[in-house]
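Listed below, chain by chain, are the residues.
Number of protein chains: 2
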Amino acid sequence: MSKKSAAVNLWIVGSVGIDDVKTRTADRKNLMGGSLPFSTAAASFFAKTGAVGVVGSDFPAAFERRWQAFGTDLAGVQRQAGATFRWACAYDANMIERETLKTELGVFADFKPELPEAYKSAAFVLLGNIQPELQLHVLKQSAGAKFVALDTMNLWINIAKPALRKVIRRVNLLTVNDGEARMLTGKWNLCDCAAAILKMGPSHVIIKKGEHGALLFSKRGIFIVPAYPVGKLVDPTGAGDSFAGAFMGYLARGGRVTDGLMREALLHASAVASFSVEGFSLESLERLTLAQIGKRVAELKRMMAV
Amino acid sequence: MSKKSAAVNLWIVGSVGIDDVKTRTADRKNLMGGSLPFSTAAASFFAKTGAVGVVGSDFPAAFERRWQAFGTDLAGVQRQAGATFRWACAYDANMIERETLKTELGVFADFKPELPEAYKSAAFVLLGNIQPELQLHVLKQSAGAKFVALDTMNLWINIAKPALRKVIRRVNLLTVNDGEARMLTGKWNLCDCAAAILKMGPSHVIIKKGEHGALLFSKRGIFIVPAYPVGKLVDPTGAGDSFAGAFMGYLARGGRVTDGLMREALLHASAVASFSVEGFSLESLERLTLAQIGKRVAELKRMMAV
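So the sequence lines, in the order shown, correspond to chains G and C. Mind the numbering: the first sequence is residues 993 to 1298 in this note's numbering, read in order. Mind the numbering: the second sequence is residues 993 to 1298 in this note's numbering, read in order.
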């Protein structure tokens, strides 16, 4: 999309969409959406981040400018003739359940992610929520990947489990929500789910519980991160993507993976996700500063301090 | 019930029952149950605790011995002619929802709690989950109460809200689960619920979220305590009562109420509740030692440490 392609610390592959979102009090159309804008925007607060995805010829130039304003490198975002992926959903009154009203793949149907040369040496990779086959295809182009995280969703667990298991074997970290962890493993207790996932290959698994925070499991134990108690929940869309992006961005900034950095990364991810849901689309992240993130991380620490 | 009545640091009023509990894998009958045995047993790990309740002539002497073995003072437990309160429930396969199969009030129907002389100077009081009128009746007999906590349930919010609001006005702390907080306040967001409850009188409110931990709200902020990730969930009955009892027992032991002590009390409550659900009835608490509680509190702290 952008001509310039700079070396990045982290690249992320995912979907780019134009969303309609309906909540009890609002009905917003033609919003920038998809897992990629949320995750790369969140990551770009911390590290030089490259985006790998596809948009159609109808993807507004204004969206591109707003995305780039986060500092995200868009060299890996192809612009194809055709329509951008479109998605619409409606939330229930309590913003817990959502109904998908529309999914039009557009150019996303024939998407074949290609990694810009400048991304190939990046040590940190986040395989955002797209078809497992594509995640594998793009991962194979990456020579420098040292720490790879994988995000997925119930759809792929349902219709592409063998391919998904193949990707899971090759990554260091799997991030899933509690329902997906249960679906993937056939177990209910989240400790059992985590133990089963750790046997599939990854050294770490993050189970996201939305408003209840997240759990990080590894051989060395469990780390619990609460969700920041959000006073005004406007739109939960993209919260999980913002969480994963901020987590990986924080790690990529440090360039190392230690238990201590992972815990800090989780707190920063929780803080960024809590801001993300305070506005539609990327609107709240666009107003956000590193200082505000730091303040919320400090608040979270105070809420957990004994 | 017991002749001897000793001075106590904390007294608790609640229900005493004989329970049948059905889970996916087990069907147990005639278990010691009710909010009072769970809460007083949990509190007795930390402080001299008196129980205020009623049992029928059929309440087994073995239950009384097992209860007393926790060190709980039973001088406030009346033995009346008639049947002990009986309750039966069945849990769904995932131990999340439960169906009440039987509620037979027995002697509990005409229960009029009377406070033993020796309890009247106790500074700490937990009004366990019974009719709000009875909670108020027994609270009025207490001259020494300095820090009063109130536990309640959806039933009283539904059928006795005015009386409940009267009790809420007189207590320092309300403990409710998330569903009850929403029912009581008519709000969904838990921050909004807490703000509304703090306006009703209490200086502190604890919102319990079961497997997701608990939140303590006060004017000075929020404290988040996670649930200890339990590997083997056997029977969730009484978890909330154990939590409230352990919390108040821990505070009563210190004899003071500070933010720091409250946070420690919440961690101890979380640990005790996590043991409680690892067995039926009081079985897991009967095997429990202070050292094991301390170990799990230390583990919880490690899981939260950054």
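Since the hints were made in silico from the structure, they are not lab data. It is possible that some hints are incorrect.
Which copy is meant is left open, because identical chains are indistinguishable; a pair holds if it fits in one copy or across any two.
SDA-like, lysine to any residue: derived pairs with alpha carbons at most 20 Å apart [what the hints assert, rightly or not]:
1) Lys1158 to Pro1228
2) Lys1191 to Gly1202
3) Lys1191 to Leu1225
4) Lys1014 to Lys1224
5) Lys1224 to Gly1247
6) Lys1158 to Ala1110
7) Lys1293 to His1204
8) Lys1040 to Trp1180
9) Lys1138 to Lys1224
10) Lys1287 to Ala1297
11) Lys1287 to Ile1151
12) Lys1211 to Leu1128
13) Lys1132 to Glu1091
14) Lys1287 to Arg1212
15) Lys1179 to Tyr1083
16) Lys1179 to Val1226
Hint check:
1. Taking CA atoms no more than 20 Å apart as the test, Lys1158 paired with Pro1228 passes in neither setting, with 30 Å inside one copy and 37 Å between copies.
2. Neither within a single protomer nor between protomers do Lys1191 and Gly1202 lie at most 20 Å apart by alpha-carbon distance, with minima of 24 Å and 28 Å respectively.
3. In the homo-oligomer, the alpha carbons of Lys1191 and Leu1225 never lie at most 20 Å apart, since the shortest distance is 36 Å inside one protomer and 22 Å across protomers.
4. With identical chains, the CA atoms of Lys1014 and Lys1224 are at most 20 Å apart within one copy only, with a shortest distance of 16 Å there and 40 Å across copies.
5. In this assembly of identical chains, Lys1224 and Gly1247 lie within 20 Å of each other by CA distance neither inside one copy nor across copies; the values are 34 Å within and 38 Å between.
6. For a Cα distance limit of 20 Å, the shortest separation of Lys1158 from Ala1110 qualifies neither inside one copy, at 26 Å, nor across copies, at 68 Å.
7. In the homo-oligomer, the alpha carbons of Lys1293 and His1204 lie at most 20 Å apart both inside one protomer (16 Å) and across protomers (18 Å), since each shortest distance falls under that limit.
8. For the identical chains of this complex, Lys1040 and Trp1180 are neighbours neither inside a copy (38 Å) nor across copies (39 Å), given an alpha-carbon limit of 20 Å.
9. In this homomeric assembly, Lys1138 and Lys1224 never come within 20 Å of each other (Cα to Cα): the closest approach is 38 Å inside a single copy and 36 Å across copies.
10. Proximity of Lys1287 to Ala1297 under the C-alpha cut-off of 20 Å is found in both arrangements, the shortest distances being 15 Å within a copy and 18 Å between copies.
11. In the homo-oligomer, the alpha carbons of Lys1287 and Ile1151 never lie at most 20 Å apart, since the shortest distance is 42 Å inside one protomer and 43 Å across protomers.
12. In the homo-oligomer, the alpha carbons of Lys1211 and Leu1128 never lie at most 20 Å apart, since the shortest distance is 25 Å inside one protomer and 51 Å across protomers.
13. In this assembly of identical chains, the alpha carbons of Lys1132 and Glu1091 never lie at most 20 Å apart, being 34 Å within a copy and 51 Å across copies at closest.
14. When the C-alpha separation of Lys1287 and Arg1212 is checked against a cutoff of 20 Å, the pair qualifies only between copies, where the shortest distance is 17 Å, while the shortest distance within a copy is 29 Å.
15. Only between protomers do Lys1179 and Tyr1083 lie at most 20 Å apart by alpha-carbon distance; the minimum there is 17 Å, versus 28 Å within a single protomer.
16. In this homomeric assembly, Lys1179 and Val1226 come within 20 Å of each other (Cα to Cα) only across copies, at 15 Å, whereas the closest approach inside a single copy is 32 Å.
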